[in-house]
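Asker: Letter by letter, the chains look like this.
There are 4 protein chains.
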Amino acid sequence: MERKKVAVLGASGYTGSELLRFLLVHMEVEVTHVTAEKHAGKKLSNVFPHLSEYLNLELNSLDADSVPIDVEIVFAALPHGKSAKIVSALYGRDIKIIDLGADFRLSRGRYEKWYGEHPCPELIDEAVYGLPEINRGEIKNAKLVANPGCYPESSILGLAPLLNEGLIENDSIIIDSKSGVTGAGRSPSLDSHFCEVNEGVKAYKIGEHRHIPEIEEVLSDYSGQDIKVVFSPHLIPMNRGILSTIYVRLTKDCTTSELLNLYKEHYAREIFVRISPEGVYPSTAHVRGSNFCNIGLRVNDGNNTAVIVSVIDNLVKGASGQAIQNMNIMMGWDESEGLSGPPVFP
Amino acid sequence: MERKKVAVLGASGYTGSELLRFLLVHMEVEVTHVTAEKHAGKKLSNVFPHLSEYLNLELNSLDADSVPIDVEIVFAALPHGKSAKIVSALYGRDIKIIDLGADFRLSRGRYEKWYGEHPCPELIDEAVYGLPEINRGEIKNAKLVANPGCYPESSILGLAPLLNEGLIENDSIIIDSKSGVTGAGRSPSLDSHFCEVNEGVKAYKIGEHRHIPEIEEVLSDYSGQDIKVVFSPHLIPMNRGILSTIYVRLTKDCTTSELLNLYKEHYAREIFVRISPEGVYPSTAHVRGSNFCNIGLRVNDGNNTAVIVSVIDNLVKGASGQAIQNMNIMMGWDESEGLSGPPVFP
Amino acid sequence: MERKKVAVLGASGYTGSELLRFLLVHMEVEVTHVTAEKHAGKKLSNVFPHLSEYLNLELNSLDADSVPIDVEIVFAALPHGKSAKIVSALYGRDIKIIDLGADFRLSRGRYEKWYGEHPCPELIDEAVYGLPEINRGEIKNAKLVANPGCYPESSILGLAPLLNEGLIENDSIIIDSKSGVTGAGRSPSLDSHFCEVNEGVKAYKIGEHRHIPEIEEVLSDYSGQDIKVVFSPHLIPMNRGILSTIYVRLTKDCTTSELLNLYKEHYAREIFVRISPEGVYPSTAHVRGSNFCNIGLRVNDGNNTAVIVSVIDNLVKGASGQAIQNMNIMMGWDESEGLSGPPVFP
Amino acid sequence: MERKKVAVLGASGYTGSELLRFLLVHMEVEVTHVTAEKHAGKKLSNVFPHLSEYLNLELNSLDADSVPIDVEIVFAALPHGKSAKIVSALYGRDIKIIDLGADFRLSRGRYEKWYGEHPCPELIDEAVYGLPEINRGEIKNAKLVANPGCYPESSILGLAPLLNEGLIENDSIIIDSKSGVTGAGRSPSLDSHFCEVNEGVKAYKIGEHRHIPEIEEVLSDYSGQDIKVVFSPHLIPMNRGILSTIYVRLTKDCTTSELLNLYKEHYAREIFVRISPEGVYPSTAHVRGSNFCNIGLRVNDGNNTAVIVSVIDNLVKGASGQAIQNMNIMMGWDESEGLSGPPVFP
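Residue numbers (the numbering used here), protein chains in the order written: chain A, 4 to 349; chain B, 4 to 349; chain C, 4 to 349; chain D, 4 to 349.
Hints listed in this document are in silico derivations from the structure and should not be mistaken for laboratory results.
A hint or two may mislead.
The list treats identical chains as one, so a pair stands whether inside a single copy or across any two.
[Unchecked claim] Each computed DSS-like pair below joins lysine-lysine, with the alpha-carbon atoms no more than 30 Å apart:
| # | residue 1 | residue 2 |
| --- | --- | --- |
| 1 | 45 | 231 |
| 2 | 7 | 208 |
| 3 | 8 | 231 |
| 4 | 146 | 208 |
| 5 | 7 | 255 |
| 6 | 208 | 255 |
| 7 | 267 | 99 |
| 8 | 41 | 255 |
| 9 | 143 | 208 |
| 10 | 46 | 208 |
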């Protein structure tokens with residue numbers, strides 16, 4: 004059977020490169036079109052020497068008309084705003100679109116509060132939030148999927164089983180996240196200059212990060228309650244990985260072991276979520292390069308606070324791997340196709 | 004004037020080496036005796052090549068009788084249990100002792116619950132907890148000082164101003180700490196093997212770390228209330244530094260700016276505590292190698308939660324620098340003698 | 004068709020774990036037996052949490068009789084000496100063996116000079132050196148393959164085209180290698196303790212490393228000359244990767260471009276060797292996690308010295324990936340089966 | 004006695020920050036003027052939070068007229084070209100100038116070949132090369148000192164004793180240098196973006212680095228011979244440190260121990276050069292934050308090649324510490340004033 008033709012818009016960043024890594028070993032697809040505004044005209048292997056000998060493609064500039072007509076699947080890994088515009092221009096075609104940016108993750112009002120005016124608000128309602136562990140059914144039938152942000156991915160997966168059972172006290176959710184530096188993208192800046200990051204850890208945008216409205220909206224929709232969270236992101240001197248330590252007050256007494264069982268049951272059929280044994284907490288090193296989310300937890304004696312630790316590779320389950328999983332679901336393929344390799348440790 | 008003679012017991016670990024770094028530039032003292040059980044008989048420069056040409060001393064085995072009679076100040080950087088024994092043997096002398104271990108930080112009952120039987124419980128009441136920002140007066144007159152643990156140091160300094168004003172809701176304190184690897188000491192183990200730590204972040208001993216009773220005891224004594232905390236330590240791929248992100252519910256409405264002013268006033272006379280401007284959060288990189296504790300904070304809209312970020316160099320303000328500061332206070336010297344150099348950035 | 008059953012002896016180290024990573028996605032094989040002396044009786048996922056949900060195997064102790072009789076392929080990733088003994092015990096079976104240790108890489112006299120007495124010298128002559136780029140033909144028919152050391156792998160691939168053309172002046176070869184820390188194995192030691200390695204670079208075993216006789220023997224055999232090298236290994240604060248900078252005097256005038264062409268032709272049919280364009284030098288980051296060897300070079304003006312830069316992932320092309328490639332050749336399978344995924348960048 | 008007033012031109016880069024670290028603890032000076040083109044008008048502590056509470060100065064734009072008339076010592080840490088212009092404008096004053104840039108390191112012809120036209124060639128002959136271990140006498144009487152480049156500093160110190168004795172064969176010098184990322188400065192670029200550097204090592208500018216003419220000119224002047232070198236710089240994932248591994252053919256048979264003795268004698272009176280014992284090679288970790296150069300070496304059996312390993316902290320002995328040492332010599336102060344603290348390990 005012929006492979007489906009795929010385009011990657013915004014292929015010169017880290018999520019773009021990671022998409023290519025998975026697409027290149029995927030049995031059902033073939034990448035035939037790649038774009039990168041700043042590098043248009045260059046060979047892909049010029050921008051990503053690690054991919055030389057893989058794809059003999061030239062980078063195009065971003066333009067809906069240049070996307071070949073036989074492309075059936077489009078990944079957009081673009082800055083917010085840019086994404087919506089190109090998606091809008093391509094939406095009339097008979098294609099599936101997975102947008103890795105922020106343009107279709109939020110409802111209209113929330114988007115405008117955090118990002119300003121939306122370039123094509125009429126498409127917002129068409130988009131399905133692409134987190135299979137909470138809404139696989141909708142993804143199956145979607146034409147446009149909004150791939151989750153990396154912090155929301157790790158946070159929501161860590162909270163869903165408790166929310167689902169109504170076990171969390173209102174207004175008690177605190178998420179303390181630690182991220183590797185690829186989360187900040189590939190554009191040089193003092194904040195991601197090697198010597199400023201290495202040998203240090205810092206907090207940033209406490210209570211102000213744009214992933215906050217995404218977490219709150221998804222959790223509220225999922226639980227049917229109005230969820231607010233305290234969210235503090237931190238920058239860690241490593242390339243990949245997010246570890247979110249989540250604190251919640253439980254609405255009733257539970258033991259660590261009871262909660263672990265709840266999580267195991269909740270995620271029993273999920274191939275990309277693994278629950279750690281009691282007393283063991285996950286490390287980002289154990290999911291590196293893979294689409295796994297590992298979760299461990301403990302109930303704190305005394306004040307009935309649960310501490311949940313959720314780890315992902317921010318470039319994989321937190322971005323490109325999740326996008327591939329979404330494509331697989333949208334196309335009716337095996338959900339792990341292209342994603343079955345073990346983590347790369349160490 | 005003659006320099007005071009100093010002994011460093013346990014000089015082959017990271018806190019030992021860091022003590023020497025400060026003592027070597029201190030104008031009032033002279034190191035004349037160093038011990039290291041595993042390396043007895045070796046030259047110090049053999050164990051620490053970075054100190055070659057500085058101290059032409061040989062490492063001794065640990066033995067009270069071998070500590071020269073003219074030594075007036077003793078630093079003990081030893082495993083728990085070992086410390087108490089040698090302190091007990093030296094206590095009759097006319098000396099000042101700063102213990103960097105855990106043996107004299109806790110009251111008797113607490114110690115035994117977390118560490119087992121105490122080797123010389125009768126000395127526990129003699130020891131003064133060595134955190135000048137909360138009890139400088141007692142340190143001045145102490146003969147034996149228990150130097151704080153690194154996690155408690157960063158946590159207590161981050162919480163003291165709020166506790167002092169009664170601004171924290173009972174049972175709401177959550178401390179999420181991120182530590183560099185020197186905190187785990189210099190003994191090789193899989194947990195601190197380079198390839199297991201590098202490019203990863205993990206949580207460990209959630210709710211079970213031995214620094215929890217220390218934090219709770221000191222905060223309870225300080226506030227006159229029974230304080231419990233949720234405490235989660237994390238290991239970060241860097242040598243030095245602790246960043247503690249502390250979450251508390253406030254008992255009354257406050258703005259970020261009001262709290263920052265409170266912190267500035269509270270620490271106005273403290274030379275080693277610096278408060279970050281609004282919107283800026285401290286990085287461990289900005290205190291590296293120095294005795295500073297930098298603190299930033301923000302009040303989260305909506306649920307009146309304050310997020311306080313407190314950073315120290317775990318080997319300095321969290322261990323050896325704090326010990327030097329304590330010595331200076333005990334001896335009536337300038338509190339910053341030996342500690343006045345700026346942080347080493349980057 | 005049924006998958007061939009495979010055993011991995013010494014599965015708890017980094018090369019063992021990396022073998023499993025590739026074997027788990029290999030279409031022709033199935034891992035049915037794993038050993039790890041120190042962890043016998045434990046579940047594999049206990050020792051390697053990143054592999055949980057992949058292999059539900061228990062670790063056995065090392066014992067030829069325990070290796071199931073239907074195992075057809077054996078990988079030995081064991082300390083020197085141990086390897087030879089078990090290989091000897093299994094040699095009578097109808098199996099293929101790839102030994103990742105040092106026991107069968109050297110001729111008898113050389114082995115004894117550098118390692119001491121050999122446990123079963125009679126097998127040495129049976130073993131084929133497993134570097135396909137220089138002796139693929141012999142590997143095809145081998146029953147026992149000695150997988151190259153990591154430093155030799157990068158050095159020999161960097162030198163082969165020049166040696167093959169007789170372009171190198173006798174006695175002029177200098178190899179300056181920089182290695183990540185996985186090269187030192189997974190056993191904790193002060194030398195690979197995080198804080199001793201991080202933020203530093205050091206040289207070690209200059210002129211004394213046990214990979215020197217291997218480099219010299221293979222290069223001498225390959226060139227028909229008596230080759231000696233100056234070899235200096237260095238430890239770099241990273242998990243994976245070896246970069247060897249190789250200096251040689253050329254026997255005749257050549258330009259950079261001529262040499263690059265020579266390298267491209269020499270390796271034209273090799274799928275795992277990539278030559279960088281003129282003016283570009285390879286980074287270990289561009290081969291991470293993959294079986295590639297990337298090579299760049301430059302002829303230095305004036306003194307006719309060629310500087311060749313050769314990079315590999317020490318755990319892959321320098322160990323486990325090379326072992327898989329050797330298995331593929333020995334079994335007549337596609338040489339890149341299991342190894343076709345792109346490097347993991349960044 | 005009154006402290007001498009000092010200006011630091013270009014204070015917002017890493018060498019600028021490091022100059023301030025040393026000047027702030029120097030007993031003879033006081034920093035009264037700092038400049039930073041991009042940050043003019045900002046507080047210094049805004050650009051360098053680690054220095055807050057130390058210097059309450061505002062950053063000025065670069066302009067000779069703004070340098071206060073009572074400034075007696077000027078450090079210029081500026082891009083090449085810029086430095087020469089301001090030095091020229093200030094040269095008429097009764098001041099001492101230490102230039103940390105490249106403008107006065109090379110003779111006129113060499114400068115123009117590697118950098119283009121010189122902005123004020125007439126000053127080149129006035130400048131003294133600031134490497135005290137080879138020309139302390141000239142520095143003493145200099146008004147303008149050209150502080151060495153970081154790679155030349157480590158290379159020249161590693162070679163001087165052998166050159167001085169005529170022990171090196173012509174044209175045999177190969178310098179393989181490994182540098183931390185601060186060497187590339189503080190301006191953001193893809194090459195020093197955290198994720199591009201971390202977990203990798205690469206070579207760059209082989210045979211083309213601008214420090215090559217400096218090494219060759221200084222070594223030629225020192226030895227009275229026409230010295231050429233092969234030089235390959237490498238980028239290492241760490242903040243600070245340069246390790247140069249230097250390969251030379253000896254003109255006569257020597258043992259490792261004989262050469263070590265030669266080095267010890269040669270540097271017997273140098274307080275900042277330390278020679279490692281036989282069999283021990285220096286690590287950059289052992290000089291971090293200090294003005295030391297540590298040197299180890301070994302003679303390779305067989306081909307009479309000496310391998311010399313020389314390490315410095317590129318920001319200290321390779322830049323700002325060396326500049327302070329030069330100031331001390333120029334002013335007749337104790338050569339180690341401000342520089343006497345031990346390395347910061349780990």
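Asker: Is it within a copy, between copies, both, or neither that the alpha carbon of residue 267 lies no farther than 30 Å from that of residue 99?
Answerer: neither (32 Å within a copy, 41 Å between copies)
Asker: With identical chains, the pair residue 7 and residue 255 could be close in the same copy or across copies; at 30 Å between alpha carbons, which is it: within, between, both, or neither?
Answerer: Neither. Shortest intra-copy (50 Å) and inter-copy (52 Å) distances fail the 30 Å Cα cut-off.
Asker: Reference check for the pair residue 46 and residue 208, CA-CA at most 30 Å: within, between, both, or neither?
Answerer: between (37 Å within a copy, 22 Å between copies)
Asker: For residue 8 and residue 231, with the copy left unspecified, which applies at a CA distance of at most 30 Å: within, between, both, or neither?
Answerer: neither (41 Å within a copy, 53 Å between copies)
Asker: Is it within, between, both, or neither for residue 45 and residue 231, if the alpha carbons may be no more than 30 Å apart?
Answerer: Cα proximity of residue 45 and residue 231: none, with 45 Å in one copy and 37 Å across.
Asker: Measure nothing new, just compare the shortest in-copy and cross-copy C-alpha distances for residue 41 and residue 255 to 30 Å and report within, between, both or neither.
Answerer: For residue 41 and residue 255, neither the intra-copy (54 Å) nor the inter-copy (43 Å) Cα distance is at most 30 Å.
Asker: Within, between, both or neither: how does the pair residue 146, residue 208 come out at a Cα-Cα threshold of 30 Å?
Answerer: Answer is neither; intra-copy 33 Å and inter-copy 45 Å both fail.
Asker: Between the shortest in-copy and the shortest cross-copy C-alpha distance, which are at most 30 Å for residue 143 and residue 208: within, between, both, or neither?
Answerer: Answer is neither: 35 Å inside a copy and 41 Å across each miss the 30 Å cutoff.
Asker: Classify it for me, residue 208 with residue 255: is the Cα-Cα distance of at most 30 Å met within a copy, between copies, both or neither?
Answerer: For residue 208 and residue 255, the Cα distance is within 30 Å only across copies (24 Å; inside one copy 33 Å).
Asker: If the cut is 30 Å between Cα atoms, do residue 7 and residue 208 qualify within a copy, between copies, both or neither?
Answerer: Answer is neither; intra-copy 41 Å and inter-copy 43 Å both fail.
Comparing the model with each earlier hint shows violations of hints 1, 2, 3, 4, 5, 7, 8, 9; every other hint is respected.
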